[in-house]
Amino acid sequence: MATEHNDIETALNRRYEAGFVTDIETEYLPPGLSEDVIRELSAKKHEPQWMTDWRLKAYRHWLTMPVPEWAKLKIGPIDFQAISYYAAPKARPKSLAEVDPKLLETYDKLGVPLHERAKLAGVAVDAVFDSVSVGTTFRKELAEAGVIFCSLSEAIQEHPELVQKYLSSVVPIGDNYFAALNCAVFSDGSFVFIPKGVRCPMELSTYFRINAVNTGQFERTLIIAEEGSYVSYLEGCTAPQRDENQLHAAVVELVALDDAQIKYSTVQNWYPGDENGVGGIYNFVTKRGDCRGARSKISWTQVETGSAITWKYPSCVLRGDDSTGEFYSVALTHHAQQADTGTKMIHIGRNTKSKIISKGISAGRGQNSYRGLVKVEKSASGARNYTQCDSLLIGKKCGAHTFPYIEVKHPSAIVEHEATTSKISDDQLFYCRSRGLGEEDAVSMIVDGFCKQVFKELPMEFAVEAKKLLEVSLEGAVG
Amino acid sequence: MSAPLLLQELERGFAALSGRQRDAAGLGAARREQLAAALADGLPGARAERWRHTSLRALERRAFSPLPASADIDAATLAAIPGPRIVFVNGVFAAALSQLDGIDGVVAMPLSSALETGTARDVDFLARRFEAADETFARLNAAFALDGLLLQVGAGVQVAEPLALVMLGAAGDAEHAVHLRHCIQLGDGARLTLCEYQLAATPQAHLVNSLMHLHLRSGARLDHVRVQAEDAGATVLARSDVVLGSAADYRRIDLEIGANLSRHELNVALQGKAARLSASGVLLADGRRHVDTRLQIDHIARDTACELTWRGLAADRGRAVFHGGIAIRAGADGTAAQLSNKNLLLSANAEIDTQPVLEIHADEVQASHGATVGQLDEAALFYLRSRGVPEQAARTLLTLAFCRVVLDGIGNESLRERTDALLSARLLQVAA
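Heads up: the sequence lines are chains A and B, in that order. The numbering of the first sequence is my numbering, which starts it at 1 and goes up by one. The numbering of the second sequence is my numbering, which starts it at 1001 and goes up by one.
One should not assume that every hint holds.
As the list claims (entries may be wrong) - Mimicking DSBU-like on lysine-lysine, the simulated pairs with C-alpha atoms at most 30 Å apart in a straight line are:
1) A:378 - A:344
2) A:165 - A:140
3) A:344 - B:1342
4) A:344 - A:140
5) B:1342 - A:378
6) A:196 - A:74
7) B:1342 - A:452
8) A:396 - A:468
9) A:44 - A:396
10) B:1273 - A:378
11) A:344 - A:72
12) A:165 - A:353
13) A:397 - A:468
14) A:165 - B:1342
15) A:72 - A:44
16) A:44 - A:57
17) A:140 - A:57
18) A:378 - A:57
19) A:196 - A:165
20) A:355 - A:196
21) A:353 - A:456
22) A:355 - B:1342
23) A:44 - A:196
24) A:353 - A:397
25) A:72 - B:1342
26) A:353 - B:1342
27) B:1273 - A:72
As the list claims (entries may be wrong) - Listed next, the stretches of chain B that the computed footprint assigns to chain A, with coverage defined by at least 3 CB atoms under 8 Å from CB atoms of chain A:
28) 1337–1347
29) 1352–1361
30) 1371–1381
As the list claims (entries may be wrong) - Each pair of labels, with its calculated beta carbon distance range:
31) A:56 - B:1132: 33 to 43 Å
32) B:1131 - A:19: 54 to 64 Å
33) B:1011 - A:72: 28 to 38 Å
Please keep in mind that the hints were generated in silico from the structure rather than gathered at the bench. Backbone N, C-alpha and C define an ideal beta-carbon position, used for all residues, glycine too.
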């Protein structure tokens, strides 16, 4: 049996299909970080004074903050002065029709339809290339419904009142080290506003792509769902294959008012580095949803297969009475990847509910940690939480860890947490093999079953992609 | 920043110790070094992860004199605890209350006499250094401990009668600090039942800092019941460091039902192949009590197993804190680890914090944990009331049933009954 495993391992090498580089003329800010760099960045984006001041305030605060070390991650020191904080394709398109064909080709290669194909797919896409948004599709159709879907830079110009009202209202400037850095240097991202009573007519999607070398990507997404509205938002990410580590520090803020629902799905496939842990993206993301209104609902679904390091805790602040937060996650670490991910559910309103389903898969030398907080405040009568986190181990050298924090201050709350860790059982494998399935197929099928609870929460196109990604990422893991 | 009052006062107390006490068995330098380390690092604050849920801010402003007061205790006080037993009153061995004669194959003596007459080798565990900055109390223990229980059960010796270790406080309102260090070793195949009591003879405001080393060699079995029923004014800091050899079987029950602030750290290293640990406990936080138990179970060898069952109750303004850490190291294949922590939150001003943690570096393992926080089952309450049981009695009955599951593991029947009576009497005081 052992030799067979080895055969499979040698026969299959992991592929990172999105690892190509697009050769396109790019405009950079020189590497380095200072107040002048931030002013220059802000000026390049023609931002109003309040935005520049806000960035500088965040930067000054960031300088006083220590690098967080509590996560179970081994991270080399990051030289923030070696990173270029702005990179953008030189040719600035006025509309999608003028977008550099090379760029469109990039997104085609990634399978993201920006142009005609978008119509067929029926998903509105905002594509972010390095630091800037290169195009947003379906704007007219969305505008008719009253939905604003554009890049955050445009929103700052065109809807400053909305941006000023909601930006950093969920993730404050000094929330954490990487969020503060993001405030100071964020380049672009998506802005979504769904007005009262509107059900967004199509799925919205953003595709993030890091292309330029020695850059960091710091995007910022802000989604506001007014009373009674609904939106489903998808996010995908890729980067070229490089030997250096690249930094990605994003902030996503969601605001749901009374009866509003936001569904946020992510398939994260940043370049994970090679088998020996060389290269790959450092992914430090702060995602937080604020269920501000009564009966509002925010649901996070994430499939994390990429990045050398993932540090990410999409959270819900359940402020409104009867509001609901959900978190569904599949995180896979293979080779030398490390992930420390999970969620926070903060129950403040009455009868708030939250559900956490986390599936971690560790293979190779991968280290995978679930870190979660369920907090029931004194005001949250009738709060209810259910948490399930399961880990699957494939191989002798990987690790799976679970760090849940449960803090309850209301006697009518019911909080449940369950976690299991095991490897794929020999019985399951034997059963599949005896039915004529190859070892890889059997593992893939079992893993698929393990993740099913999460995949079924994804929109269909994403679910297919996620399943495929997992298969590719796990190749060579059995043995 | 100067050291908090608590540490300043202890430093002064250290100077007041006699040179003979400080330097006994050549430990003077080690004691000074550990005290200096504790003073340099101070008390762990809110940012120290391992003290995240237990604040020491009120404690650090108090001054405990390190010199234990002497007290006369009537032997009748201990009538409920049959011999053989070893008793420490206010941290000092009480020969008159202890009965240690006639246990074959067992060497039992107070640490104080070992320090006087023994060699450095007999007390080498006292020279252990505690490196982590948040191990303040272990360091203070290393600096101050002058008494405790030294117990060696010879290979193959099966002790039938339970041995009691009693730590009794009888100082009244005087704020003094007591530091005890125990070392218990079971030889190959030895068997012992140990009952550890932390009790108060009078209302107490003292601080008890006890550290126990336990070592079970191959095939040894220890049944260990620990009852912490200190007075509501006392502060208890306890730590148990356990090492299990191959096929050793360690069964332990902890009742945390007393003290104002209680912190217990139970560290178990399953070092030998097929070592087993079964540990369970009750945390009771009523009144204004803060009860914190922290388990760190380290599976090092193959085919080891642990089963952890903890129940927490928080009422009035109490706070129950539980951390259940299980680590499975690379190579510890065949390990089975299981943890269950269920909690009842009985009042609007009480709080429960629980954190079950798994860290797994081997793949041939079965590990799971579950934690819940909730209330008494309304349907069960209704059932009892429909059978004519008054509401208060029904609540008490259900609360008892909720906690009693941890007692199932006590093999010795009379001991189980005694422990059950203690727990039940205490639970009756809780306004459910």
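Okay, the hints, checked on the actual structure:
1. A:378 - A:344: holds (17 Å)
2. A:165 - A:140: holds (25 Å)
3. A:344 - B:1342: Roughly 21 Å separates the two Cα atoms, so the pair holds.
4. A:344 - A:140: Roughly 37 Å between the alpha carbons, so the hint for residue 344 of chain A and residue 140 of chain A is violated.
5. B:1342 - A:378: Measuring from Cα to Cα gives roughly 20 Å; hence the hint holds.
6. A:196 - A:74: Not satisfied, since the Cα-Cα distance of roughly 45 Å exceeds 30 Å.
7. B:1342 - A:452: holds (28 Å)
8. A:396 - A:468: Distance ~25 Å between residue 396 of chain A and residue 468 of chain A Cα, so the pair holds.
9. A:44 - A:396: The given pair, whose Cα atoms are some 51 Å apart, is violated under the 30 Å limit.
10. B:1273 - A:378: Roughly 46 Å separates the two Cα atoms, so the pair is violated.
11. A:344 - A:72: holds (17 Å)
12. A:165 - A:353: holds (27 Å)
13. A:397 - A:468: It holds: about 24 Å lies between the C-alpha atoms, which stays within 30 Å.
14. A:165 - B:1342: Violated, because 43 Å separates the two Cα atoms, which is more than 30 Å.
15. A:72 - A:44: Violated: residue 72 of chain A and residue 44 of chain A sit about 38 Å apart, past 30 Å.
16. A:44 - A:57: Distance of about 19 Å is within 30 Å: holds.
17. A:140 - A:57: violated (36 Å)
18. A:378 - A:57: violated (33 Å)
19. A:196 - A:165: holds (16 Å)
20. A:355 - A:196: holds (26 Å)
21. A:353 - A:456: holds (20 Å)
22. A:355 - B:1342: holds (19 Å)
23. A:44 - A:196: violated (34 Å)
24. A:353 - A:397: Not OK: residue 353 of chain A and residue 397 of chain A at ~37 Å, beyond 30 Å, violated.
25. A:72 - B:1342: holds (27 Å)
26. A:353 - B:1342: holds (20 Å)
27. B:1273 - A:72: holds (28 Å)
28. 1337–1347: holds (count 4)
29. 1352–1361: holds (count 10)
30. 1371–1381: Holds, because 5 residues of the region 1371–1381 of chain B bring their Cβ atoms closer than 8 Å to Cβ atoms of chain A.
31. A:56 - B:1132: 33 to 43 Å: holds (40 Å)
32. B:1131 - A:19: 54 to 64 Å: violated (44 Å)
33. B:1011 - A:72: 28 to 38 Å: holds (36 Å)
The structure is inconsistent with the numbered hints 4, 6, 9, 10, 14, 15, 17, 18, 23, 24 and 32, although it conforms to all the rest.
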